[in-house]
Structures are given as C-alpha cells and as structure tokens.
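**Q** Protein sequence lines, in the order shown, are assigned to chains U, G, L and D. Mapping to full-length UniProt numbering: the first sequence position 59 is 59, numbers consecutive. Mapping to full-length UniProt numbering: the second sequence position 61 is 61, numbers consecutive. Mapping to full-length UniProt numbering: the third sequence position 13 is 13, numbers consecutive. Mapping to full-length UniProt numbering: the fourth sequence position 161 is 161, numbers consecutive.
Hint data in this document are derived by calculation from the structure and do not stem from the laboratory. Since the model is a prediction, treat every value here as computed from it, not as a measurement. Each residue gets a CB set at the ideal place from its N, CA and C atoms; glycine is no exception. Be aware that one or more of the hints could be misleading.
[To be verified] Quick partial rundown of chain L residues pointing at chain G, CB under 8 Å, derived from the structure: (1) T9; (2) Q110; (3) L112.
4 protein chains.
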Amino acid sequence: MARGVNKVTLIGNLGADPEVRYMPNGNAVANITLATSESWKDKQTGQVQERTEWHRVVFFARLAEVVGQYARKGSKLYVEGKLQTRKWQDQSGQDRYTTEIVVDMRGSMQLLDNRPDNGQGAGQGVSAPNGRQGGAPQQPYQQPTPTPDYSGYPQNFDDFDDDIPF
Amino acid sequence: MARGVNKVTLIGNLGADPEVRYMPNGNAVANITLATSESWKDKQTGQVQERTEWHRVVFFARLAEVVGQYARKGSKLYVEGKLQTRKWQDQSGQDRYTTEIVVDMRGSMQLLDNRPDNGQGAGQGVSAPNGRQGGAPQQPYQQPTPTPDYSGYPQNFDDFDDDIPF
Amino acid sequence: MARGVNKVTLIGNLGADPEVRYMPNGNAVANITLATSESWKDKQTGQVQERTEWHRVVFFARLAEVVGQYARKGSKLYVEGKLQTRKWQDQSGQDRYTTEIVVDMRGSMQLLDNRPDNGQGAGQGVSAPNGRQGGAPQQPYQQPTPTPDYSGYPQNFDDFDDDIPF
Amino acid sequence: MARGVNKVTLIGNLGADPEVRYMPNGNAVANITLATSESWKDKQTGQVQERTEWHRVVFFARLAEVVGQYARKGSKLYVEGKLQTRKWQDQSGQDRYTTEIVVDMRGSMQLLDNRPDNGQGAGQGVSAPNGRQGGAPQQPYQQPTPTPDYSGYPQNFDDFDDDIPF
DNA sequence: TTTT
DNA sequence: TTTT
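Using the sequences and the hints, build the whole thing.
**A** This is the structure in structure tokens:
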C-alpha cells in the first residue's frame, strides 16, 4: 500500500556493465548507472550547453537477473521505479546519503536496444560466444559507496500490505 | 532538448513550510521536502511496516511563487519534475552529493488540498487573516546543505535548445 | 510481460458515483468517468477558454471494490492505468470503439479527498447512506455503450507471463 | 493551466509511415498509430496469449515535423502526451467519438531507433527515398475517421493561461 | 561512466 | 519534518 505516489521514469544509457549480486535469500540485486542528458542554448553566449545526469538504479529479483543478462555498458534502457534515499557511514563515521531509483516488482524495465547484429537482440543474444553475456562484468563498476544492505525492505509483490485502502 | 527521459512524479505532504529565495535575476526559487510512504506486511512477523521517504523538491520561477504563496506544512502536492544531483563541499572540504527533484517550466505542480475552511482553498485563500499565507515561513526549514547555487542551469522554457530533433 | 509501455496518469474528479458490477468469477469491476480540464488564453480574443476532458476509467478486483466503497461523485482521484480500446456493435450492427483507462493490479489509485468532516474519510466514510457530497453533478453521466464484457483479459498480477525477458 | 493531470506515456512501434498535414496557420500536424503489446499466460490452458493495443497519436508544431521527417513504419517511439476525445459525425450523421493521444509543446517525443546503418539516424536519415525500413507492415493502417479539424485547440506553449495558480 |  |  502506498500513501502518496513515488515514481521515477527514465530512458538513458548504461555507463558500465551491470553489477549483479545475490542476497542471502537467493534474490538477485543489480546495480547500474544510467545517463540522461539535456541540452539548451545559453542566452548570453548563444552556445549550446549540455548537461548529463547520472542515476543510480537498483533492480531486484527477476528484473535484476534480466538486467544482468542482457544489459551492457551503452545499452539503452527504459526504467520505472521509485526514489529511495539510504543512509550510510563513510570511513570517518559521518552520515552520508545516497539516492537511488529502486526497481522492484512494482516497477518495470525495457531494453530499448535491438541490435540483431551484436548478439544482444531478443531471443538469440543470450548465449553469446565471447562470454560477455550473463557473466561477470567486463570492467567492474566502481561503487563509490559501500555495498548497501537492502535486506529488510519489501521486494516482492506480496510483501505489500493491501488491506488498508488508503 | 532532451536525450533520454528524466521524470519524477510525486504525491506527498510537505514536511515544513516552503523556503523561498530570489535569484539575482529576480526569479524565485522554492525548496520543500515532500513525504511519501508505503506500508507492507513483514513476512516473518506478519506485522505491518511503514517506510516514509523524504524528497527534496526545488521549484523555479512562477511555480516557486505559487508554492511559496499557497503551500504550507502538511499540504498535499502533486509534483512532476526531473532528478538532478548537485555536488557541494562540506565543512571539511569533502565532496558531497544531494539529489533533488527539480520542477521548472517543463515540470508541473498541483495543490491537492481544497479545504475551503482554512483559508487555503482555491480563489479565496490568498488573503488569509493570520498572515500565514504568502509571507515568511512559520518555522524556517532547516536546510542541512548550504544554500545551493542554481545559476547556470536552464530554468525557462526558451532556454532549451529545440533545434536538434534527437 | 509488456512489449512497450502503455501508461496513463490522471488526476481528476468523478462525474458520477461509481458503477460497480461483479463478474462470473466474483471479481468486481467499477466504472467511473473522470474529468480533467485545462484552460488557455485565446490569442485572438484574449479570453480565457476552458476545455474539460472526460475519461472512462475501469477498475478491476480489489481496486474496484475500494473505488465502489469510497469514491463518490465529485471525489478527486489519482489514477494510473493503461489505455485499452474495445470494439462493440451498436443497435444497427455497426462496429464502434470505446477507449478506456484500465486499472488492474499493475495500476494504482489514490483517493485525494480527505475531508474528515463529511463521512467520506478513511475508515468511517463507507456507510454514507445517500447524501453523496462533492457538489451537484453537472450532467448525469449517460453510459452510451452497452455493458462491456471484460472476460478473457488478464486481470490479476499472476496472469502475466514473465518468462520472456523482452 | 491545468486543473488535474492528464498524461499518457507510450513506447511502441509505428504501424505505418506518419501522415503529415499543414494547418491554415502553417503549423504541421502528424498522425501516427503506435502499437504496444502485452502477453500473459492463460490460467486455464496455460498458453501464452498476446494482445496488441493500437494508439492514435497526433503531434503538433515542431514535433509533428520531426516525426514526419524521421519516424517511419516500424520505428520505435517514446511519446508523452495527453488524452483527448473528439466528436465527429459519420456518413449517416451519427455522433462518433475518437480518442487520441495529443502531443503538443507540453508533451515530448523520443525516437528510440538508432540504427546508423540504415539511413535513419540523426542528420543523415531524412532523405530515405522509398525503402522505408523497419519491417514489413502487418496491416496497412486505415484511417477510419475523416480528417479531423484541430483548429481552436491550444497548441503552443504560450497559448496556456498560467495566471491562475490552481 | 553512456549516448548523439 | 508530513500524512492516515
């Protein structure tokens, strides 16, 4: 049950291969960074400016597995999730906050690359010869924050309490 | 022009009165925090858990003025904006990051409170007797990060470069 | 599994009380019409124009029950669903099409009225005997199409086939 | 100014090449049909079912031109617009209704095909003389309604009246 | 760190 | 720090 609405919609490109881990209960977790950008014309100079925004996205359960298997650095993804800020401590013990887009069973994801030429397309791309698919990421994503502990958060659809209408 | 999609949709309640400032060019900026929450039933204990998420939202230009005038602590708002993470330095000179939902001319906002009894409702709520409306916030919002400098970002609709189709 | 994205987000007011029916399998179906409106200034005359859009929304299962219980003519609702056009035959046997917003388990709904004073609020408002508040209906909603048969469409979360990643 | 929210988000493929016309004021209008589909497993038979939804989308002004220039049958598009139902009369004088997704200056569009190999990419793909790629059309799109008259509706950003805050 |  |  949600009181309020908390929804994020992104279309962007992966900055690196996904980082997939498994939780104690066997559920997969995949972390990616997604770039979106916008450009505008500076009024003073008349020059076109560009700003790229990097989003941390976390997938759970089956979507984490799909992302780990099919998405790669540069892949274009549609993502629908929710905003979540988690607290952690840096080396000096100070509180730090990281905001992520969480994509669980209520969210969704679409791979927008259909390049039948590169072994990534629908249906045929899974068993790629060079082993890039479904395995360890080629260049591990440097997570600037410690590995987060997502346990204790609801991740499956039936974890949600739907008894109270509002 | 946007390459990709970066969109956030929220419905939540203000944690405090808005904090309104004015930029050198005369444009208003309003900062609020918005709470959304979800509840779920813990599988082990069977108990209902609740998690509240706090979102930092920044409004520009006319929407900043409307928010400053009509929204108050507790108000329910619909907000549509984009995610933006800005970098700042803490006292020790370390880089810190804060993620906000930016609502500029491309975004939108709706006040979802229509309580004609409290001087906040449509049309008649502006000239509230107790002066809470439109003036200084009752209890100033404690911004844990230094006042951000939003200059240099596009804020008006015509700042966007729409010449390049994609 | 969805190939593509089909999503509708509305905030509007009910044109009439919900119409609730039950399907052979016992699942509830609720039909409402929701009004959204926008205004703009006519360039020629300088006058403000207003246009109201009426949306047909269909809720299934638990959300249908909640809507039937708590929403009334004039209620403000947030709705998230998908577009669906169904074909039907008019009296003369001609094909006709009606487009609706379908809100099933993948969609969501929020009642945005919190008027604890009028018997509509959470928990206590259910048994409002008749005095349906929310302002007199402007024009009673005439269902111009015959009662639709929604059987054969997936309505529950587990009806969806999530085996194929894309 | 909008009272309420009326928003549609689609990702789908064009069923045919866009149909571009020009209004008396010189503004372009582009009509397309966009297919989204979902699949689910039938509970009784265990068989995977698929349902394709066809959406009528209308673009105005600059986006209409971009669509007309770069989108082709089979192209994948992201579309953000609003729902609008217009009334028209069939040959026998009977009222008929058609619901469309209107994409004007407040909406947005993204071409999701980036196939630099097929003459459709940014900048170079415009003059594809005939060989419209994107896969053979399954069934040529039949415009079942007469050419609509969109005059009298606000189409540009500054047509909107932003004076009233809510 | 992506993409065009 | 909000709301129910």
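**Q** So, for every hint listed, does it hold in this structure?
**A** Outcome of the hint check:
| no. | hint | in the structure |
| --- | --- | --- |
| 1 | T9 | holds, 7 Å |
| 2 | Q110 | holds, 6 Å |
| 3 | L112 | holds, 5 Å |
Comparing the model with each numbered hint stated earlier shows that all of them hold.
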